[in-house]
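Colleague: Dock chain B against chain A, hints included.
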Amino acid sequence: MSNNGHTSPKIFSAQDVEIKFNLRGKVLTALRGASLDLYEGETLAIVGESGCGKSVFTKSFIGMLDKNGSITGGKIQYRDEDLTNYKTEKDWLKIRGKKIAMVFQDPMTSLNPVRTIGEQITEVITWHFGTEHEQAKKEAIEILKKVGINDAEYRYKQYPHEFSGGMRQRVVIATAIACRPEILICDEPTTALDVTVQAQILNLIRELQRELKMTVVYITHDLGVVANVADWVAVMYAGQIVEYGTVHEIFNEAVHPYTKALLQSMPQLGIKGHDLYSIKGTPPNLFKEIRGDAFAPRNADAMDIDFEEEPPVFNVTDTHYAKTWLLHPYAEDYRKSLDERDAQIKQEKKAAEPFNYTDAEKLLEVKNLTVKFKLGGKEFRAVDDVSFDIFKGETLSLVGESGSGKTTIGRAIMRIYNKVDGQIIFRDEPITGKLDRQKKKKLHMEMQMIFQDPMASLNERAKVDYIVSEGLYNYHLFDNEKDRLEKVENIMREVGLSSEFASRFPHEFSGGQRQRIGIARSLVMNPDFIVADEPISALDVSIRAQVINLLNKLKRERDLTYLFIAHDLSVVRFISDRIAVINKGRIVELAECEELFAHPLHPYTKALLSAVPYPDPDIERNKKLLVYNKDMHDYSTDKPVWTEITKGHFILANSKELEAYRKEIEKQG
Amino acid sequence: MENNNKTDSSRILNPLKFRAAVFDSMLSEDTGYSNYSYWRSTIRTFFKNKAVLALVVLIAAIIVMSFVYPMVSDVDPNKVSLFITDWNQRPSAEHWFGTDTLGRDIWARAWYGVRNSFLLAFCIALSDVGIGMIVGAIWGYNKKLDPIMIEIYNVITNIPSTVYLVLLAYIMNTSYLTLFISMASRGWIVEARFFRNRILSIRDSEYNVASRCLGTPMRRIATKNIIPHIISLIIMEAALCIPYSIGSEVFLGFVGVGLPVDAITLGNIVNHGRASFTLHPYQMLLPTIILCIITVAFYVIGNKFADASDPRNHV
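Chains as they are written, first to last, in the working numbering: chain A, 1 to 669; chain B, 1 to 315.
Treat the hints as calculated values from the structure; they're not laboratory data. Here the structure is a predicted model, which means the values were calculated and not measured. Glycine is no exception: its CB is placed at the ideal position from the N, C-alpha and C atoms. A hint or two may mislead.
[What the hints assert, rightly or not] With the Cβ distance kept under 8 angstroms, some of the chain B side facing chain A (calculated, not the full set):
id : residue
1  : Lys17
2  : Phe18
3  : Ala20
4  : Ala21
5  : Asn154
6  : Glu206
Chain A with its partners taken away, still in its complex shape:
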């Protein structure tokens, strides 16, 4: 086959592209000779950790590199046009938007907030085709309908802030497809969205692709998304494509150690009670020259040759190639031994016993908690009458979409709000309202929080040493300076960081390292209970595994109890003992982890479960999406109550629904 398994003609080709950036007087080589071909009507996904050059690579296709960057080598060709010759904006406008369009991650930044969305789409059409305004308006409304916006004529006149996140992303897609481009590049199109919305957006892009016969390139770090949408997958590391193949080849027969590592670190594939596979360290600093295989320093199974020579590209099959020395004939024996070892490890692992609730003691009780905020003069309930218990030694996960009030519950427990209604009882003592200094100190020592965004949660202007010992200073928990330094050193080692890092500033660290510094900061108080507010959602897949393992290790060693707040059910399954699902400020279902996955009852839980991406192309493509709509419930006369329907399984439902659920349980046996 001349086309290496591709059935349609080639329309785009990038060969050995090298891109350099000048940054503060130093040269950063963001792309080190990346090659890629695109064929008509295909879907390609580019995966890799952040900082691997995925975005830079695709931005160079449409001349959108930042000012301090330039293409210093290689060739980019679209049909018969050599794009490397394009110099001016005018040249690029022939291609950008018209032939190759792009959808960015954050829909708010790609729309102009002071113009109606209709104008913005109409402008694209008149700009590129010179269409009359009235005609363009009609077309714009057509396109809005096409991307699934109801009531398009009315919505045409609205501003971006009147749209929800998912709707906004639909509008961005509408502007991107307004010129009927041949290639659509989607840069993390769903990362900023909730899982249920994410699934809908992916479906939309797929339908549009089929209809407009576009080639779609996804840039993502979420392997679940890749499994769902891609025909072909390119894995990128340190500015190079290290493996390329069909989606089945990548997911089932990956050969590059980096691809394998990425796949293994997915929490969906982890076995409870065991450490998740994790990639050590962080992607390389591209200011330095890279010798040999860029992944070698992080690869525990690297060979000597990997540190010395850059591997060439080896073909595995016609459609599958990888850049690793493991495929060299000399390495055959070594490769076999690695495979055997992996298979053996997989067999030996057995899932841990579930948490024993029969004689568990209550650590924290939340009773009828309500948190109200004032928003533009109106009062609104972020958390509405929520009750649950946390037992000593368990991990309770609170799962919900953005705006569901899950973070508010965590912060209410941490006493960050001045006024909450209801009761929070910690170790048989109420902790709401005013407390004296002694009690406050005790609480600060027993309860701590880990934050979501490692970039925002560390004080940029303080050294790590101060950040970690902040709690020690507050209550003077050390005898002398030497004792304090020793404590800092111990805690740094416990979270897997070198104690030399203490004299550096936070910006010198990567996201995962920063998150571990944040964990060290709360652990230094020796707490028993930790509220972890989405500690991994801002991190890359590979780094997630590091942090999850660390949290699990700390739980074992220090006998901690976690309230784990997350939006991703798949991650939560691996670490939690019980899961509470929260929607619009109310907990709708709470059950032990496996019970919830096996017998979800509430329609919202079912919808969430159906939308969770799973890193297996066969499962992903056959899944059926359930949509939750709160009009499903008729709560006008029959009010819902928080009921224990079977032992340990709570649900929010009215009497009629309860009856239906009971029947459902009976049927399942």
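Modeller: Chain B alone, transformed into the frame defined by chain A:
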């Protein structure tokens, strides 16, 4: 995908290299290190613009000169001559910029004037930014204060400043202190509101919430979490305050409620020169040039520093 294996046939590889290497876990951790420093980058970005560098040098020279000159020179700036021939002299070797209507040397008076005006402006900048920052911090941290403070802000800023500057200067005797009080009584509220807005935007960031979870006392939150993040703004505001104060002083002198005539300040010299401008225009030359340089330079420096202190501009 025109890949093939021809590259490795041209090289001789050692089969012994295809074995497991020793894994160094610390080596993998250290790859993310970057040597960015906020202050170093700020200062480099600031001085990258050669015009800024020139202005900083110029301003430094003027300030040094205004302090050194009164120490080394033996010309008395207040020495009035009784001889009509000494009055209104044109620039000459003896009097570089001529003499004024009372025969006083303009060159000497100008440097004394710069020194006095600058000291006054510096004190006003210090009190405006200092008081403004403290009030702004309290205002930003206390939601309950908001309605009261907004009203105070409205009242103070909506009365034209000239009205009560004139009134205050009228009630009290004209002196440096009067001038200081009348100007400092207003500037702080504007600064306070500016800092309140900035503090409000960092108050709820996660690292501050983290400090509250750790029970960090207010004092340490202020000194460790807040001030280091707005220190560049403080410098910028102070730099912008100086030309404004000098300008106000000149203006008050102009309307006749400034300092007593025997005080040597830029305002008084410019005023004096203005009175005889139609006959002897050169008398205004030197003081106005210095005034212009100081005002423009501080504005440019303040604004450029604000740009340089924004991490987004650190390329």
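Colleague: Which of the listed hints are not met by the structure?
Modeller: Hint check: 5 fails alone, others pass.
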